[in-house]
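Trainee: What follows is the residue order along each chain.
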Amino acid sequence: MADLKKHDTPMVDELKKGPWTSFADDLQTRGDSGSQACLDLLGQLELSYNDKETHWKHGGIVGVFGYGGGVIGRYSDVPDKFPSIAHFHTIRVNQPASKFYSTKFLRKLCDMWDHRGSGVFNFHGSTGDMVMIGTSTDQLEPLFFDLTHQFDMDLGGSGSNLRTPSCCVGKARCEFSCLDTQAICYDLTMTYQDELHRPAFPYKYKFKISGCPNDCVAAIARSCCPIIGTWRDEIRIDQKAVQAYVHGELKPNAGAFSDRDWGPFDIQKEVIDLCPTKCMYWDGKELKIDNRECTRCMHCINVMPAALRPGLDVGATILAGAKAPILEGAQLATLIIPFIKMEYPYTELKEYTELVWDWWMEEGRNRERVGELIQRKGLPTFLRVTKRKPIPQMVKEPRSNPYVFWGEDEVPGGWKRDLAEFRKKHAA
Amino acid sequence: MADLKKHDTPMVDELKKGPWTSFADDLQTRGDSGSQACLDLLGQLELSYNDKETHWKHGGIVGVFGYGGGVIGRYSDVPDKFPSIAHFHTIRVNQPASKFYSTKFLRKLCDMWDHRGSGVFNFHGSTGDMVMIGTSTDQLEPLFFDLTHQFDMDLGGSGSNLRTPSCCVGKARCEFSCLDTQAICYDLTMTYQDELHRPAFPYKYKFKISGCPNDCVAAIARSCCPIIGTWRDEIRIDQKAVQAYVHGELKPNAGAFSDRDWGPFDIQKEVIDLCPTKCMYWDGKELKIDNRECTRCMHCINVMPAALRPGLDVGATILAGAKAPILEGAQLATLIIPFIKMEYPYTELKEYTELVWDWWMEEGRNRERVGELIQRKGLPTFLRVTKRKPIPQMVKEPRSNPYVFWGEDEVPGGWKRDLAEFRKKHAA
Amino acid sequence: MLDSSMYKDDIGYDVSELMEKPYDPDFADKNYDPKKPMQNRLTDLGPPHFAQFFPEVIKKNYGEWKTHEFVQPGVIKYTSESGDVCYVVRCGLPRILTTNLMREICDIADKYSGGVARWTTRNNLEFHVTDEGTLKDLIDFLKSFKHPGGSYKLPIGGTGACISNIVHTQGWIHCHTPATDASGLVKSTADEIFEYFGSHKLPAKLRISMACCLNMCGAVHCSDIAMLGVHRKPPFVEDDRIGSVCEIPLAVAACPLGAVKPATVEIDGKKVKTVRVNQNRCMFCGNCYTMCPAMPLADAQGDGVAILVGGKISNRITTPKFSKLIIPYIPNEPPRWPSVTKVVKRIVETYAKDAHKYERLGDWAARIGWERFYEKCDIPFSEKSIDDYRLAYDTYHTTTQFKWSSHTDNL
Amino acid sequence: MLDSSMYKDDIGYDVSELMEKPYDPDFADKNYDPKKPMQNRLTDLGPPHFAQFFPEVIKKNYGEWKTHEFVQPGVIKYTSESGDVCYVVRCGLPRILTTNLMREICDIADKYSGGVARWTTRNNLEFHVTDEGTLKDLIDFLKSFKHPGGSYKLPIGGTGACISNIVHTQGWIHCHTPATDASGLVKSTADEIFEYFGSHKLPAKLRISMACCLNMCGAVHCSDIAMLGVHRKPPFVEDDRIGSVCEIPLAVAACPLGAVKPATVEIDGKKVKTVRVNQNRCMFCGNCYTMCPAMPLADAQGDGVAILVGGKISNRITTPKFSKLIIPYIPNEPPRWPSVTKVVKRIVETYAKDAHKYERLGDWAARIGWERFYEKCDIPFSEKSIDDYRLAYDTYHTTTQFKWSSHTDNL
Ligand code: SRM
Ligand code: SRM
Ligand code: SRM
Ligand code: SRM
Ligand code: SF4
Ligand code: SF4
Ligand code: SF4
Ligand code: SF4
Ligand code: SF4
Ligand code: SF4
Ligand code: SF4
Ligand code: SF4
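Chains as they are written, first to last, in numbering that gives the first Met the number 0: chain A, 0 to 427; chain B, 0 to 427; chain C, 0 to 410; chain D, 0 to 410.
Think of the hints as simulated: they come from the structure by calculation, not from any bench.
Note that this is a predicted model, so its numbers are computed, not measured.
A few of these clues could be false.
[Stated by the list, open to error] Below, in silico cross-link-like pairs of lysine-lysine (DSSO-like), each with a Cα-Cα straight-line distance of 27 Å or less:
#, chain 1, residue 1, chain 2, residue 2
1, D, K356, A, K268
2, D, K7, D, K20
3, A, K4, B, K277
4, A, K395, B, K277
5, D, K7, A, K340
In isolation and in its complexed conformation, chain A is listed as follows:
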């Protein structure tokens, strides 16, 4: 403790001010209480604030035996100034689905991480892992040994493999959930441990599971296979509760607008008129929904959660291919399976998934995401390889260009033609 080396960090110190919880203050406190790594991290950050450039080297390849992912190598490019963070690798630890933790678990994790690393977490990484930032190469194997033996935990994904699946809180707490999101997340993670740990894909692949179209885990924007809850039957209506909203006894949207005077709740204006399909009717007494026209956008349910609930014949909509911009530009996921029952062991989903993987491993280029491959080969091809019947739900609108590919087998007579016969009829 006596030999802690503090750095002068006037700029970083500015970030201790202001009301929002300060990571700088937290790092400082931890540093002051004995972590040289935290102090060096603040020092290097200050240097970056001066130079306006990162001081981390391009990540080297490190890992644990037998795994192809879960660890990201990281080295300081000013190790002499900040020796305790000269190595500063990331460990991605697969979080329990929906991220509930017992304090027993967390405390034990802190003990381990103070012992084997910097004591700095990134809780959680964008993919969903418990991320621990800052350890050295020699600690990796012992750390993995600790994780598995002392925690029954495992690494998450990195590299060209399945990435750590994640999900919304679902039925654990949310009345909207049409899926056992955690159960699906857990099952997929367990089923595909090999794919998660041993890179065999052209690039990363991500599952995310949301219990309803509110999509609280942002699956539609960030996963190769968004699994999003929906229902096939009718929105359940409690007409009495509807009246309670109309008469101001219940607060619209559960009180989500409480700090501003938006005037009294107006069911016509706030629900009926905003329904994107205009399939709701209100005669002052009874709320009616033409469920066949409903696109299950959740708006009415969100506004009146005590009165409206998703139907009971629940399942998932499966989409494909969301991703960040690199290379071809960002993609939102495309609707592939409008409805699928999601019951253990999720056989239909897995069969579909494996068809996708087989094709992608066959056709995908190095570092080509599934979404990009679908764009390159065309959605019709993707549907063929995954054995899905093309239906209009898959498109915003039919194509506007007339550039249709026909197969030789689809056209009577095929593509062999008799030039002489043609010219007999048509002089050149």
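Please arrange chains B, C and D with the ligands on chain A, whose structure you already have, making use of the hints.
Mentor: What follows is chains B, C and D with the ligands alone, placed relative to chain A:
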């Protein structure tokens, strides 16, 4: 007459039935009254109905001296069977703007066409020309001589040149027109006779002029330079006439819905609620428009033409680059100049046009339309070469990808960098 | 309001004197000498000035029109600030017409409309009259003005919430690249939906267009309903001819998908330059044939008609839209194309029944959802309607919002 | 309702016994032998089963929740069919946190929420309590729970019509490709809009995200407001190093625009394989650097922050949307990035004032029109906001419908 050769045309004869005006019956009548070409044309059409293939050869290059367009070569591929249409070239004659004709003119034209060709018109071609189909190569020069000397007429465009401009009926008859559409059409046609007759462009170029955003000449879909009337000030409102609509004294949309019972006119539902910007207000007595929010879509004016009229500070919106699908897919035109005053001699428009042409002739590939070049080079480049300031009106929405090009001059320090200095700060 | 004085020196500013002279069939033969083509040559005259053909009432009220009203389908009454009135009678006309019919039109115009006839941008014919008596007489006359086969020569209609004239292209009557006929298919379709031409009973204007190949000479790409001739067989290559009739590099460059490659073959022991088509990459656009006559695509079994719907041009309420391909192929069935006309009629009728007032076909389909459009119109959905060209991704459905329909009922 | 019996044999199904044992720092050193890595090795265990960490009330009412209500900003009350009630207190948390703060969190959870803590998908922390007394005590405690510098350690909020936690990435604190810092920029922004975190006064949820380079590790591409680190200088090439640290073909293939080409140079008389960058084609995506450490892009003068707005994820009312780039570049101004935070705040406030209830930022901008958005938010329009990448055409304005705005006022 005696030696007219009639063909057996049972299929074509089917097309004489039914209520819609029959081109087949017309051709037949003309044939019967002495035109072998009409009879042969019917005969060859019958053959096509049998073969389900065209019997016209790929057009050869024919024309009149000194012109590079206006005539399309056409030959039958069964000339032995139908000798009178063995040559059957098309003449495109530049129509008078908005297509009013005196019968004197038309009769004289018929006389000439019966003398020098088949007597068959295509009135009008899709671009707007008076099209005469069916004459032989030896008739081309005399026909052109006749046209110029006996009619003061000229050929229209074909090939890689300016095509015959065309326009809507505009102020001649339409109260909505914000432009002298015919005057603009005439002036552009006269100014650019050389460009119209002597191919110097990479491909075709089309002007079309509509007096208002109803766009009755389909400029926005079919022309490289749509010129569409609009206004900058306020929609003129006659409140009394509004009342007359509300009280059923005037028929909505001038009676365009007269054959169906749509119920009494409901200004709220039919106008206010359908206004795309929701910038109209109706309190039962007075109609108000927030003109700054109006996008001049014409809906309210169309519905109540006796009450509402475009403003008085009129001009044109100029767009660019509409075209049919070949090659890159169809394009609607892109908004380039939101507003331009259109007064003789239309200098600003012509300056803009010539900048476009210069760039296109410089950069365009063979058979690349202006619209395609804009796509290939990017709209920002097009704006630079045409000296237009980029404004948000040009886009539906700002780009969503982050792939921005910066010029070296835009970035402090440029692109020269000192590797040694960099590595001094950052160990590799 | 219209000042044309600056064009006074244009040769076409006033052609009235010329028009008084009858056509002289011998004039050119006498005055044109092929050996001296520049002698007496007039060029770059441009068209005659439009204003001289205007009816009097239009000359007088140019730019002064105040409002209009549909007196009945096909008849528009324009009122000027000056109080003047002008009635327009609009008639259907096939674009292909002969000097016979043209002369009859002139007779009518001379008798009823002051010797002036006008064509609209959709190839309808318009007569302008200024008094109600003449109007009535003209209408009565037109109602009985028929072809020998019984069709109306000049059916009245094409205004308001109707189906106006079907714009179309050349087809087998004149072009070299068509995949179907234009005039015959259009006549057949127009017969089928005839009741909508002369009435105001649709929810909005409905524009039908027709083009006989992917060049789409017209606004087929932005029509409420479009019929489009399509090829489905790759071009074949006439090795023995291509060298003499085409520039091989141009043929190669013509293919947007790079499916055409230069090649060399042996004919009668001689090496000949030609091209080869990668048939699996071909999308039958026909652009190679446009550039090269020795690469024909037309084929009785391959060719036919695709149906597109939902396009529009006007900026009214919604913005202009492309037509969408909903049926990739229907075989050619001359002379009456019953499969095409049947489905067109079904779409029109479904739309007529279901859409809101002022709602164009494409806006209706977007509102109810395309799954519902297919269901209601009873059209099978085809994989071919899913885009896989350049901007394809923008048409994919990237939401969980969709409707249950016949397509999902048996999942 | 939740049946997990099929996972009983999974090793992580019940880790309670293990958790009773304290962490043994010597365990691995004693049991792991680097020479025999497979000895005693456990692999592919996966994560522990989630259900074991659930609070009791959640175990009991899993799938039985009936409705919820925001008791106050940051506090949600869930009611079950069984009548059970569960209060959730949500707190802001920086993603970067140390074992210090984590242990404090454990203390709080032990004291108030039955020893369970939960993280949300936006990195907020949640405590679950079942009685109102504890709820009140917990809230009171959190309000005074502060860092030495005065910031709230766990500010309450993030529910309802608010700005929730700003999701972000690593930045200069840990990544090798960032063009800006993450934690510092996010802290600065969160301070600036702090009042919106703990209140329900916006027209709808407003999600702010941050990513430090174009890799966009997060949902920056679909956020109401996004801050994005951008480079603006092409990579330079370390000829003397590239051969040993990169696979040259991979570096070449990495460039989406083909701007990287193989090359050979002479160094000390030896021919060395390397690459050259066509700087005019480079769009600074950094993908070459991802593949090749010898091509760094980072540069103090070149790098900075772009602002994107109008994206969303949920399918509520409108469909998910991409964020749009409205400001292409703001220089890096550590430690407080005042230019960035100022404009973010201005956008938030303009939106707050102008949008309809339930209307997300992107829907608001689309409704009023982007010309009006720029005008109202007082943001200059940049040519750089006009797309010129792959699907650019689909963003061009192909209509005459537009609004007059400050941009057209002086035409
Ligand atoms: C740690 C994390 C950011 C964070 O602060 O949370 C992260 C960090 C990195 N990401 Fe990421 N990504 C992280 C989630 C994401 C996400 C979000 C998600 O998964 O929901 C995305 C966007 C979604 C997607 O997959 O498209 C994402 C898109 C990328 C990309 C672009 C991929 C693409 O196809 O466009 C790259 C580039 C690459 O793979 O080479 C990338 C690459 C990287 C690398 C490995 C840097 C590199 O160039 O190789 C970063 C390592 C930083 C480090 O020091 O550890 N990271 N990355 C996230 C993983 C933590 C976790 O496991 O929970
Ligand atoms: C006659 C006409 C169709 C008609 O029945 O009315 C016509 C006929 C031909 N068009 Fe067209 N086009 C005609 C208006 C159009 C239009 C409509 C317009 O101008 O408003 C278009 C779509 C708008 C556009 O310009 O994009 C049009 C788009 C094409 C194209 C595709 C161009 C493209 O960039 O995608 C071609 C192909 C080509 O140029 O090689 C084409 C080519 C042709 C050729 C020359 C055939 C060829 O492959 O070379 C046709 C000659 C037929 C013949 O026998 O005369 N025609 N063509 C129209 C001209 C008459 C006139 O002058 O009034
Ligand atoms: C005569 C003509 C102009 C010309 O120069 O020839 C014309 C004339 C009128 N148009 Fe048009 N339009 C004419 C082609 C068009 C076209 C172009 C086309 O169809 O190829 C369009 C764009 C169609 C599209 O969007 O696909 C067109 C879209 C309109 C609209 C917008 C309709 C809509 O609901 O979107 C109006 C407004 C209305 O109908 O209330 C309009 C309104 C009018 C008015 C009422 C304007 C006026 O006050 O004179 C005229 C009578 C309309 C009627 O007959 O219902 N005109 N109008 C054209 C007649 C074509 C025909 O014979 O059928
Ligand atoms: C706890 C959490 C799920 C989890 O597994 O962790 C969650 C929980 C709830 N969400 Fe969510 N959402 C959560 C992330 C999201 C996300 C993802 C994100 O922000 O990255 C979204 C998509 C955001 C987007 O569209 O950009 C999301 C979009 C919604 C919506 C749709 C809001 C909208 O207007 O579009 C609702 C409905 C509502 O708010 O009425 C919703 C509703 C809810 C409800 C009311 C559901 C329920 O009955 O339990 C929960 C409380 C909402 C609240 O706090 O206002 N949740 N919710 C996440 C909390 C994140 C946080 O800490 O701030
Ligand atoms: S996605 Fe739906 S089910 Fe999941 S937490 Fe959000 S609102 Fe609840
Ligand atoms: S869920 Fe959405 S679409 Fe369905 S009824 Fe409710 S608001 Fe309408
Ligand atoms: S475009 Fe406008 S001005 Fe021209 S005819 Fe049509 S409605 Fe009248
Ligand atoms: S022209 Fe269109 S946008 Fe303008 S007020 Fe009328 S309906 Fe509204
Ligand atoms: S559409 Fe095609 S086939 Fe028809 S006229 Fe035009 S070029 Fe000829
Ligand atoms: S038809 Fe079109 S796609 Fe096919 S070879 Fe010819 S140019 Fe290429
Ligand atoms: S966004 Fe870029 S810089 Fe930031 S963590 Fe991801 S890869 Fe690293
Ligand atoms: S930064 Fe991107 S565009 Fe530039 S050279 Fe590297 S890979 Fe190519």
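Trainee: Run every hint past the structure and note whether it holds.
Mentor: Now the hints, each set against the structure:
Pair hint K356 (chain D) plus K268 (chain A) holds up; C-alpha atoms about 10 Å apart against a cutoff of 27 Å. Taking the CA atoms of K7 (chain D) and K20 (chain D), the gap is near 21 Å; set against the 27 Å cutoff, the hint holds. Taking the CA atoms of K4 (chain A) and K277 (chain B), the gap is near 65 Å; set against the 27 Å cutoff, the hint is violated. Pair hint K395 (chain A) plus K277 (chain B) holds up; C-alpha atoms about 25 Å apart against a cutoff of 27 Å.
With a CA separation close to 23 Å, the supplied pair K7 (chain D) and K340 (chain A) stays within the 27 Å bound.
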